[in-house]
Each structure stands twice: as structure tokens, then as C-alpha cells.
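**Student:** Given only the sequences and the hints, what does the whole structure look like? Please build it.
Protein chains: 2
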Amino acid sequence: MNDCAELCSGPLSVAELNLIDRYWRAANYLSVGQIYLLDNPLLRAPLQPEHVKPRLLGHWGTTPGLNFVYAHLNRVIRARDLDVLYVCGPGHGGPGMVANTYLEGSYSEIYPDIGQNADGIRKLFRQFSFPGGIPSHAAPETPGSIHEGGELGYALVHAFGAAFDNPDLIVACVVGDGEAETGPLAASWHSSKFLNPVTDGAVLPILHLNGYKIANPTLLARMDEDELRSLFVGYGYEPFFVEGDEPEAMHQLMARELDAVVDRIRAIQSEARNAGSSARRPRWPMIILRSPKGWTGPKEVDGKKVEGFWRSHQVPIADAHGDPAHLKLLEAWMRGYEPETLFDADGRLRPELQALAPSGERRMGANPHANGGLLKRELKMPDYRSHAVAVDAPGASVAEATRVMGRFLRDVMELNAEGRNFRIVGPDETASNRLDAVLDVTERAWMEKIEPYDVHLGQDGRVMEVLSEHLCQGWLEGYLLTGRHGLFSCYEAFIHIVDSMVNQHAKWLKVSRDLPWRRPVASLNYLLTSHVWQQDHNGFSHQDPGFVDLVANKKADIGRIYFPPDANCLLWVTDHCLRTYDRINVIVAGKAPAPQWLAVDEAALHCASGAGIWQWAGSEAEGLEPDVVMACCGDVPTIETLAATALLREALPELRIRVINVVDLMTLQGKDQHPHGFDDAVFDGLFTRDKPVIFAYHGYPHLIHRLTYNRANHGRMHVRGYMEEGTTTTAFDMLVMNELDRFHLAIEVIERVPGLAVAAAGVAQRFRDRLTAHAAYIREHGEDMPEIREWTWPGRKTAG
Amino acid sequence: MNDCAELCSGPLSVAELNLIDRYWRAANYLSVGQIYLLDNPLLRAPLQPEHVKPRLLGHWGTTPGLNFVYAHLNRVIRARDLDVLYVCGPGHGGPGMVANTYLEGSYSEIYPDIGQNADGIRKLFRQFSFPGGIPSHAAPETPGSIHEGGELGYALVHAFGAAFDNPDLIVACVVGDGEAETGPLAASWHSSKFLNPVTDGAVLPILHLNGYKIANPTLLARMDEDELRSLFVGYGYEPFFVEGDEPEAMHQLMARELDAVVDRIRAIQSEARNAGSSARRPRWPMIILRSPKGWTGPKEVDGKKVEGFWRSHQVPIADAHGDPAHLKLLEAWMRGYEPETLFDADGRLRPELQALAPSGERRMGANPHANGGLLKRELKMPDYRSHAVAVDAPGASVAEATRVMGRFLRDVMELNAEGRNFRIVGPDETASNRLDAVLDVTERAWMEKIEPYDVHLGQDGRVMEVLSEHLCQGWLEGYLLTGRHGLFSCYEAFIHIVDSMVNQHAKWLKVSRDLPWRRPVASLNYLLTSHVWQQDHNGFSHQDPGFVDLVANKKADIGRIYFPPDANCLLWVTDHCLRTYDRINVIVAGKAPAPQWLAVDEAALHCASGAGIWQWAGSEAEGLEPDVVMACCGDVPTIETLAATALLREALPELRIRVINVVDLMTLQGKDQHPHGFDDAVFDGLFTRDKPVIFAYHGYPHLIHRLTYNRANHGRMHVRGYMEEGTTTTAFDMLVMNELDRFHLAIEVIERVPGLAVAAAGVAQRFRDRLTAHAAYIREHGEDMPEIREWTWPGRKTAG
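In the order they appear, the protein sequences are chains A and B.
Under this note's numbering, the first residue of the first sequence carries the number 1, and numbering increases by one thereafter.
Under this note's numbering, the first residue of the second sequence carries the number 1, and numbering increases by one thereafter.
Mixed in with the good hints there might be a few duds.
Computed Cβ-Cβ distance ranges for the label pairs, DEER-style [to be verified]:
hint: 1; chain 1: A; residue 1: 675; chain 2: B; residue 2: 49; range: 55 to 61 Å
hint: 2; chain 1: B; residue 1: 318; chain 2: A; residue 2: 775; range: 26 to 32 Å
hint: 3; chain 1: B; residue 1: 712; chain 2: A; residue 2: 516; range: 43 to 49 Å
hint: 4; chain 1: A; residue 1: 755; chain 2: B; residue 2: 765; range: 52 to 58 Å
hint: 5; chain 1: A; residue 1: 319; chain 2: B; residue 2: 624; range: 24 to 30 Å
hint: 6; chain 1: B; residue 1: 557; chain 2: A; residue 2: 650; range: 36 to 42 Å
hint: 7; chain 1: A; residue 1: 761; chain 2: B; residue 2: 625; range: 40 to 46 Å
Worth flagging that the hints you see were computed from the coordinates, not collected in a lab.
Just so you know, even glycine gets a beta-carbon here, dropped at the ideal spot from N, CA and C.
**Tutor:** Pasting the structure below:
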């Protein structure tokens, strides 16, 4: 492959080759400097221990490869005026991203304090991994980045998310061979089966095989070339190999293959776009770049192999501060890049090298797609009221909440069809989750063969379904971070699959919000449905309401959790969430036919408050405190609470029950802990300071205790929720197994209201008998007793 | 491929073909019956609506393919006396697994109530997805299963886990084409790069392309055959294709290819075993089975395509109960299997069909590997005391806790080397986590090429490193569930990657513990290190202590969470966890050099209690209640708490401080909530009923509030922990950012002890000044003030 005659023949002239190599060396020099130096940034003086940082933190190994790619992308961008976004999978190579954005000038524009001179370089070096400075990875602080790369696995899926609906964009995505071992990355290659060459941009994967992780070789680097090629052909790509360690030959090879690859991308796109639609998914090109880990760094340290081995992963020369031999080695290494030939007397990159970077927004550090808020356009929103369910009286109508939401989303989809900035993702569950109205106006994205009997598949579909929550999440993150909008609809239990991705996105948002130059991006919106109380048919593995606990651990500014009790509330909440920015909104709502409680205006009022008393459902007496508060949060717990109040009103008409419904879970926290939290006065006004509260909650009960532990009345909060009991049974039996059903709730009221346990012992016993009867009935008939199946809200009788 | 002459030539004789087809039909019949019938199980009477279940729950689509595979595996098991475990990735096909284990007799042995006669079949049908019956998926209740298949993605990695160190076992693993889209599954194919043909068994992947998920085609089924073959060749396999829909041809094809595949496996193994070690990873065979979804079911229902389409996914005929046409269709479908030719007058499988099943433990439903507790041998345990760090006085020694643990694990590894039943998994971090002593006695498993300069790689290694937490987790689950032992060492932040897998394993354990026939398996043990307070160098993305919150949501019987404060405590906890069964043990411990507090006997006493007063650290006065309790949980919070007490003792010698260290987090919960929970009396005795408690906790503070909300003194619990603040900085600065450092703790004591806020305002101000000085110092020098870097425990001075 490295045929010399061919290499010498170009595509780079000797002068061009020399320039690009110098540019690369400048980036490498600045990368090493960031890891090591406190001062003497251009080595104008002999290197002394006091010039070296006391704590050496950073990752060298991946960096020279990242710099190599960056320099060559600069070349094709300039040569062809390309719009390229750089996704850096090996985010540990932060010094490289910082070095390159500094060289091209975008860094100093965003951070004017880091100027284009020797003092700027000194500050650039010093701030890296330094208290009060910048983190060691590519991060929100890094210009041009939409991707952290701290937790590995998501580079490629982010790249695809960025490319969707950006037809002129090329997303160059470096995938490290360590990252390539992860599950999410292994699945991400299939994303090209959802990318439409007519309306989407291109993703150019650059698999960077530098051979090693922290302490092991990587799987992909040790595969033989036949298997490697076969794997990526099997994934649907055409691999172009760039392999070697001799810089000049590698520059020629990379330049040539990058030209070829861009030609191929343009050919694919123009063919597809001329045809109007593409008959078949193209075989997209990719680059497999094999270069030594820690390339151009020290070959050996203390007699041990470093370059081309995992010992170069972090800081190759460990004790440059304390060991004179190490210091010498470091100095030789850095001087080997010949900084005096790269920077002028002021410390400014020499003009002939400056000229190699693209200009303006073509610089990858200034590409607006990497600061999506800049490009973001508001969604055009339909009036959610137009989809309202008529509710003449509480409980008088029946609806499937998510089906109603689906019709609203259909309108959102339609209104923004031209804008091409809204997508819905989900693991094969859009219809199962009753959102299929959206398929009236768009299709499911699909670039493989479509059979005549297939339903709602299309190359231009805006609903993205794949049986991988990781891909759904990653695509949507990439889409949002580049300025668009979307919704992830998922079975509640399986959203845990992306817990760690949500953590990382929350961290990204948290940091971004403190960077004035990063503009807000649309919120990450979840609809969690087919939830724990509606997974009676799929059983225990499908029953888990714990995702909201994870979100509740996030910074208060970031997380919002909504439990709309009916369809009209779900409409309000959906409308609200789609208008917000920089948040993670979790909406938990069921898909089963269920009684509807609030007319649309009441729903709006109730949801805007976040929680409130449902006067019509309780049995309070004017001017008297209630005997007990029955609180509910979640659609099914709301039904059970109302059913329990009905049972109690009939059996104990004197009992004064207050019913509180909670939509916005965060209202339960104190105002000091969450911006949505109720003041103590408001909270106490609702929940009282001293009456028993029977709280029926959708998820794990502990979360309610944790949110309310500071409230005056928390000692009397008796929370029922999911107790990790489940199987395949009836939906009502699931409630009974977890003691969240109407009978258990009613019994607990009797037990908790002072005096009632004795006075109403017979009533409690009757409820227990009903539970016994229920157990016998379902085991006989396989379905719930008629009184459960046919239950309707009896309306409010006279207050006690 | 379906060449008739070839097919007719075998390998099955006409008689054999007829028998295996009838066996398959029997399994299909029983599968449909489970989904539909309450009664009239053998259709001895015309089918009536009352024979049909009122709620139809189950998944037909995948089932006939699973049955087909099962029947053919039976054939090769009998023909060659193979030891085969069946891992059913499409766990939704529960009816198929139940049908087959019933046909072979293993089901009735475990559940004698479900006899081998018509009444047994009636009960078999009725119990399926029926209240009080069995779940709809393959589950712990299913004989022969180690795999639920509810949350998709883990079949293949479980299969490999089962195969490790079981040289005679073949793990046949059906991977559905839906599941094949997930990230974890996409990475799992690489597992063969860790499987040693000499000492491990074989995994036979059977990729079942039935074409559809719930409502979409699958990616792999729509790839063209060239790409598909290329993909799996690239993954390192030799694919054997079995494609078609005509049963006779398919039986011949499957029989032939299965013979070929088993021959290939045996050839690979004998070659490797004769050679003593295998020079290179073999190219293992796999089967790609392409058969119609819902095969042999109704072709159309209500004019819509069902067989060979996603509409067959669940219940193909929806209204068999209410719609007479549907009922007729169901009856015709079931009668089409000719049950009268399959079962005798008593409802017993006809003898010539019974003879097709293997016998005894060769039956896949009775394979003891699927009930790992049966095969489990206790680990041989070294005396952890022999690794104890000498601690002459609290704080007098310094050690890296995980390095000490590593030496203990080395001995565990060595003592059980012959037993071959202990492995350590981790994502490339064994050395980084300071457990590298284990590499003195074993290697890292590696079947790819090994270079002369590689370190600690070996084909027979028992440390398994891959940059995929999913693979680590899945391998270990499979290994444990088949009766072995292990430990997962992981960076704390990234263990969230497997949250959902942990959920599913916890569910498996929870259900298994209630099944007397399932014997206990070794606990799933985690060491979480490189934790949030030691990720100052990697930054925010690597800082997340939330995994324990997830585990705390599990059933109390399942989860245990330990925060050993020093190396000797870590030794005790590790020893303890490795001896337990059916649990999920989480150990959080640091790797940095740190002061040691307890001599080994003190550590044993302290850890066995779970939490206790550290008299030597506090300043209580004999017979007097303390003024304040300073509690700590976690190694770093313990240091900060002790440092704070030292500050306070010096500044306020009269203050009576009680120091409590918590090792076992679950002691904080009530006895009624967790078996490790302290009685209220014990808790109150420790934490007092009315003194302020300043609680320094390793993770998110809310967890402590949630665990203690029922305790008398919870209103005075002031918990400090991780507040989601982080970046790349010094370790101490991380504590300051989260207000968990010694100064913040000491200031809070002054603010919370009645009267002290005023009396000791000057002291508090001095502490604030130190914080200011610290901030200035690190921003200047890039490291902590000397007083922090050089801090040592001053020992206990006189009590106040």
C-alpha cells in the first residue's frame, strides 16, 4: 500500500506536504505543552522543573492521531469549501481539540483572554487540567464540540444525529478503537440504514486504530485486515485504509484517501439527489486510520516501550518535574517539533501555517452546528386545546392518553415538516405506544428495501425506530445539540438502558448553561409509557419505574418529571415540554383506556400549578380541616385513589377526605432545592401540617419520602408505590401485589385516621374481604372481578 | 440452496423427517394452546368460546422458530450424547420453552402438578400468562433457562459467560433479529475473541432472522446476503445458512447444517486440545436461520398478512373469544397440527415422539448448568487477615485500599485456579484500579495475536478485560448463573452503563429465591473504585456516585452496599461478599494512598456491626451525651470528617463530638425495611434522638435522607455529599466544590450546635478564611495547600 512512487506523485506537492506536517507538529507541540507546561511555553529558555506542572494530567496517546485528522480535514475543507463538523470520539484527546481550535483562531475568539501570542500560549498551557481552568477532555467548554467522549460509545450515534436533516453537512467522526469495543458503538454503524442521502448530510466515520486502550491491545486493531474489512463491508461501508507511521507517507496517503472519500460522498449525494430519491441505501465510505498510539512521542521511557504501546495512553513521561532525566526527555520531545519554525517571535502561528486553516464558520471550532442553539428555530406549535378530550364531568369520558397526545404530535410534525427540525425516536414502539397518528403525516425512516406489504416505511420518514434505546437516545442527543427538536417515546422499564447516557447529557447541559457563548438547545423530552402498571401482560422484566429516581438526582435546573393524570393534562405537559430549553423532561403517561378527569381549561390550570386539591373528588367540609389527605401522582394511582375515596365515602360518609393530585413531581421539594418546589406555606396548606397523608405514587415510594423529608408533615406521609412485585397477571392484580389498589388505600386511611381503626374495623374488614374475593376470582376466571372491570367514577356525592 | 435431490438424500430418512416434524408440530400445538386455551386442551370437542381465555397474552411470532431449533438440537444431542444448554434470546417465546420442556418431561418433574396427560396439558395451557400462573416469557420459572429475554440484548453474552470454563458444554444461543439490533448484542459477537477452545466450551449462535420486530422489519433480515455474510465473517464466524419456509426441506437443511456445525465445533476443539494450546482464535461456526415469523400460523386474518409479517408478533387471532370467525380460524389452525396423531388417548405424547427427546440431564430443560446452584462449589478462601495492613494507631499507616484487596484477590485466584470457577471482569481497568496483583497468578484472557512486548495477556487468562461494561456484566451474569464465582471491578461512574442489566439480574434473583428447585448462585459482586472523589483528573464525565441509589431500590433481600473506610475494612467486606449467595453486593472503595484507621481485628468487629462509634476519633465525655454527631460513610468523607474533628478539637476543646462511621449503608434503614437495618433503639443509641448530626456521605445526600426518614432524629440530619459539581481539578478542590471538605463540615457543626454559631463565630470565620486561602493557592500553584497535601491524623488529644 505504501508504494513510494505513488506517494511521491501526490496529491500533495512537497511544499504542501511540508506545510501540513508543520501544522500537525504545531498542534502536537501545543498538545504536549498543555499536558506539561506551566511556563516557558515556546521553550525560549532551557526547560526547568519549575516550568512543569506539579500535577500532570492528560491523555497523550490518542492526541497526535486526532491532530493528524484535524489538519487533513482543514485541507479538504479549504480546497472544497466544505461544511464539516468534527466529532471526537476519543474525548480524552482534549488537548488536541483545544490545540487545533487555538491554531485556527476560533478558541481565542470565544476566549479572548487566550490570545494569539506567547502569553496566550502560556495561559493555554496553564489552564489545561488546572484548577479553575479547563477539563482534560473535549467538553462543552471546547469550541466545535457536541461530544464529551468521557464515557465512551456515543461518538458515531451523535454524528448521525447531527447529520440528519443537514444535507450540506459532513460530520467527520473519529471513533477510537477502544470505544469501538462498546455495545452502543458496535450498533451505531447500522445508523447509515436510516440516513437519507437526499435530505440528510453525510457521516464520515474515521476508525482510528492506534492499537491500545489503557492497558490492553484493542480488539479491532488486532483483527487481521481481511476480517476488519469484512466487518465494515458487512456493516454497509466501503473502507479506505490509511496505515503507517512514517509521517510523509502518511500525509500523502491521508490526503489521497480523504480526497477519494469526499469524492465518493459527493457522488453518492448527487446521484441520489438527481434521482429525487435513492433506490437503495448507498455504501458510504469510511476511513480506517492505523497509526501508532502516542505517535511522535518518546519511543521508550525508562527502557520501556511507549510509542506504539499503551504506556503512551496518558502522560508518557511521568516525573518530568522531579527526575532530571525525564525533564530532559520531555524537552527533547518538545523541541523535536521545532517550535521556533512554527511560531513567530511574538508566539503567533506563522502566516504560512495560519493560511492552512479554513476561515470563519468553516473552521471546525466555529462551525455553528456545534453550538446548536445558534441555529435553533422555535417549533411551530399547534393549539393543544384543539385536541382536548371533552370532559363534561370528572370521569364522564374515557380516552387513551397517549393516543390523544399522538394526534397533537401529528400536528407538530405536520407544522414543522417544512422546517425539517422535529423527529420522534423510539424502539419499535410508536404504534404500540399509541402515537401512530404521527404516521398519518410521515413515515418511519427506512433506507433498506421496502416490500409492497410494508406499512409506513419511507426513506424520508421522520419517525425513527430501531430496537436499540442507545441509538434512539444518541440520535436524538446529536439532533438536539445541533439545534433541532424531538421526543423519545419508550417503554418505561427499558429507558434504564440509557441511564448513563442521560447522566452524561445532563452533565453537558449543566456545564453548557454556564457558558454564555453556548446558546440553549431544545430540551430532551421523554414520553415513558407502557409503564409499570400497564405491563401486566409482559411481566416482571417490563416493570420498572425507577428512571425518574435517576433524573431526580440531577441538578435541579435540569430535570423535570411530570405525571399527567389524564389526556388533557398530558396535552398541556407535552405542549409545555416542547417549548422548553436545556432541560430533561420526563413525562410518564399510560396508553390504556382510562377515565378522564379534567376539562382542558381545568387541566391547564392544574398542570400550571403542578399539584392541587381536587375539591370535586374529596369530601371536605367547608371551613373544617380534613381528617385525611389522599394524594396521588400518576395516572393509575389517581384512579385507585379516586376509587378508594368512593369506597370510603359510601362506607364512612362523615369522613373528611382531601384529594390532592400531583402532576409535577418537583413541586414536592422545597423551593430552596428546586425551582418548581412549593413554598413550605403552600405545601403545608395543601398537605396540612399534622393530618395523615396516604400518598399513592406511581414509582418507588422512597422517592416521595426523599423529596418531602424536610416538610412539616413528612412524618405522617404514608407512601404506597411499586414494591418490586410483579409478574404476568391482570393490571389490577399488579396493584394488589404492590398494595397500591383502592382497597389497600382505603384500609390504610382507616388505620391512619386517629380513632377510625377501631370505629371502622368492620369497614376495613369488608375491604379485606373484597381483596380475598378478588384473589379467588382472578385465579378462577383469569380476569378481574366485574366490579373492577366495570368501575366508573360515581361522581361526588354530598360532602361529609 | 434448496436443491431437491440433495434434500431428499438426507441426512434425515423419511421416517426420521416425519418424526421430527411431528415433534415440532406437538411443540407448536402446545405453544398455541398456552396462548389461547382455558379448556378442551386436545380439541376432543369442538372449540367453544368458553374454552378460550378472556385475556389473550403471549408472543406467537418467534415461537415456531424456537421450537424448530429445540427439536433439532434434541436430535443432535441424542445422536452424539452432547451436553447442550439452550439460551433463548427471544424470551418472549416463553410458550415454546415451556412446551418443549413439557414434551421432554423435565417440566413435569419440576412441577409435578403439570402431569403428562390431558389434565396436565389443560393446566399447562391455563397457567400460562394467567393470574397465579406463569409469566409469558422464558423466566426463572422456566426449566432449562438462565436467561429472561424480556429486556433484549444479553442472550449471546450470557451464553459466553456460561461457556467459559465448561469445556464439554455447547451453549446453543438463539439470537432474535430484533435483539440483534441492540448495542450489547452487537458487541457480544466479539466475545469469541475471549473464548479458549482448550479450556472453555463452545457457543453456537443461531441468528434467527424471522424478519420483523413489533411493527417493523429488522435491519439484519433486510440486509442482502453478501453483507450479512460479510458482517459475520468480519465478527470472526463461519456462517451456515438455513433458509426457507417449506417444513420438509427446512428439516433436512437444519439437520444437515447442524451436523456440519457440530462437526466443526468438535474439530476445532480437538485440534486445539491436541495441540495443548491453540495458536490462533478459531473461526467458530454459527447458524443463520431464516424462517417466517409466525411460521405455520394463520397466513391472513381479516384480510391482512400475518404469517411472515409483524402482525404475527403477539396474538395473531385477536378476538377468538368474541368473534365466531376468529374462533373458527383458531380451531382450524390448531387442528392443522393434528393433535390426535401427537398425543395418545390419555393426552400423553406418543411413545415414538417421546423417544426423540434426550433423557435425564441431557434434556435441555434438565441441564444442571441452567440451575447453576446445583453445580456450585464454594470458593476456597484465603485468610484475609494475612493481607492486613498493620495499623498501630489510627492514621499511623498509609495504604492504597484496592491494592491490598488485589493481593487478597490474587490468593483467591490462586487457591481456585484448579477449580477454574473464579474470574474477574472489568473494562480495561484491573491495573488502573490497583488490582494488578492478580496478574501475578493469571493473565488477561486474550485469543488474538500476542506480541512479544505485550504484558500479561494469555489464552488461559482468568481476568477478562474489554472496553464494554455490558460485556463484563453479561459474561459475569452467565458465569454466576451457571454456578461459578466472580467480581466486576469498574470505575464508579460508568457502572451506570449496566443499570438496566442489574435491574434484570435483581429481578431474576428475586424470583429465583422463591423457587425451591432453583439453588442459590454466587452473588454478583462489584468493586466500584476510581470513584467520584478520585476522578479529579478525568473530570466531570467520570464523576457519578449514583449507582448505589439504583441498587437501594431493589428488594431488601437482594442489595447490599458497603463503604469500607480503609484497607482492612475492605478486606473484611470482600471476604464477606465472596461468601454470600443470591445477592448483589456493591463495594465502593478508593485506590489512592490514604491513612488507615483500624487494625484488622477492629476492622472485623466494626464491619460486622455495619456501623459504629469511633470513640478514639471523637471527643465525648464519659457519661455525657455528645453535643453533635459527625457521621461519615465512604473512605474520603471519613478522612474529611476526622480532619474536621481535629480542627474542631483544636479550636473548641470543650465541644463533645461523637464520630460514627458507617460501612454497611443498609444499617441506616429500619429493621422492618432491610434485614441489615438497625433497630430504632440501636440507631437512636448511636445517632441520638435530638442532637444535630452532620453526615458526610460519599454519594448523593438524598439517599441518606431516604434511608433515615423514619428515624426519630432524622429532622436533625444534615447530609453533605455529591452535589453534581465537578471538573478536572485537585481531589480536595472537588470536595470543596461539593462542600464536603473538612472546613465546610466544621463550619456546619458550629452552625448546627445550639449556641455555637454565635459563640464560635470567629472560629467559623477562620475556617472560611482557610477555604479562601485554599482557592487562591490552588489557582496559583495547581495543587493543594501543603496543609492539605501533608495532612495526617493528629491522633486523639484529651476529650473535651
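**Student:** Could you run down the list of hints and mark each one as holding or not?
**Tutor:** So, going through the hints one by one against the coordinates:
1. 675(A) <-> 49(B): 55 to 61 Å: 57 Å, holds
2. 318(B) <-> 775(A): 26 to 32 Å: Between residue 318(B) and residue 775(A), where Cβ atoms are some 28 Å apart, the hint holds.
3. 712(B) <-> 516(A): 43 to 49 Å: This hint holds: roughly 48 Å between Cβ atoms.
4. 755(A) <-> 765(B): 52 to 58 Å: For residue 755(A) and residue 765(B) the Cβ distance comes to about 53 Å; the hint holds.
5. 319(A) <-> 624(B): 24 to 30 Å: 52 Å, violated
6. 557(B) <-> 650(A): 36 to 42 Å: 39 Å, holds
7. 761(A) <-> 625(B): 40 to 46 Å: 42 Å, holds
Hint 5 from the earlier list is the only one contradicted by this structure; the remaining hints agree with it.
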